[in-house]
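Peer 1: Line by line, the protein sequences are chains A and B. Be aware that the first sequence starts at -5, since it is given in our numbering, and climbs by one per residue. Be aware that the second sequence starts at 353, since it is given in our numbering, and climbs by one per residue.
Simulated from the structure, these hints should not be mistaken for laboratory data.
Lysine to aspartate or glutamate pairs mimicking DMTMM-like chemistry, simulated, CA-CA at most 25 Å apart: (1) 15(A) to 51(A); (2) 435(B) to 50(A); (3) 435(B) to 56(A); (4) 460(B) to 13(A); (5) 435(B) to 13(A); (6) 435(B) to 425(B); (7) 443(B) to 33(A); (8) 460(B) to 50(A); (9) 443(B) to 56(A); (10) 460(B) to 407(B); (11) 7(A) to 80(A); (12) 435(B) to 405(B); (13) 460(B) to 51(A); (14) 5(A) to 50(A); (15) 82(A) to 13(A).
For the chain A half of the interface with chain B, some residues (derived, Cβ under 7 Å), not all of them: (16) 11; (17) 52; (18) 54; (19) 57; (20) 58; (21) 60; (22) 62; (23) 67; (24) 68; (25) 69; (26) 70; (27) 71; (28) 72.
Computed from a prediction, not measured in an experiment: that's the story for all the values here. Glycine residues also receive a C-beta, built at the ideal position from the N, C-alpha and C atoms.
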Amino acid sequence: MARPLINVPAKVKRGQIFEIKTLISHVMETGYRYSTTGERIPRDIVTLFSCSYNGEEIFRADLYPAMSANPFIAFFTMATESGTLEFKWTGDNGFSETATATITVE
Amino acid sequence: MGERKRGATRRAVLIGGLAATIGVEKVRATPEQMRAAIRNVVGAAPVRNGRVELDVPPLVENGNTVSLVVVVDSPMTARDYVKTIHVFNEKNPQPNVISVHLGPRAGKAKISTRFRLADSQTVTAIAEMSDGSFWSATAEVIVTLAACVEGI
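Required output: the full structure, derived from the provided sequences and hints.
Peer 2: As structure tokens, this is what we get:
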């Protein structure tokens, strides 16, 4: 249902600073909207996003209802060694999604 | 029968729209609430202008997706780096937008994302450095189609 998209360069040089782009499909319902029958639509958002590089957390973000639907987050990190990048999204109603990307450091 | 059904739907839409308007009036944050949210983060520490660059388009057609780029001037070394970047708004239902936690491994203190704006307002970004100092930048945004307020 929720499909994550990750954009990471496949190969980077050691010490190079590269950009990681992430996007996950999610409604990010604010909890402030009303349905046609006047009922408040309950909040349903992604509240936490984190990224770890070979097990070590390099980036974390707390998200609020002001984030757009399908939250897009891009950030930078420095290439240290080849390995995996792990991405994790958690949110309301037990939402949890993970994704991984492998990176080769030359 | 068809006529009656259509009437009911129209009424439901009207009620829904009215409720939405009233609801939004109640929950809209104020510049004071934004200042309170900022105080929650920085405490009593002074917030200085500078070192932070906040890139938001000055005129936004659709408040549902507004691109946001924050760049903080920092060497990003183990001794001197950006710890957190917070983004706040004045007039959405809640003052917080995103809080990002970085470390020296980031190499570059730059984040890009997309957020919602319920009205024309001032957006504030605050960066906390590893030495505990706070720096900020603000940007004025004019929104023609607001987010958050629309029904379904």
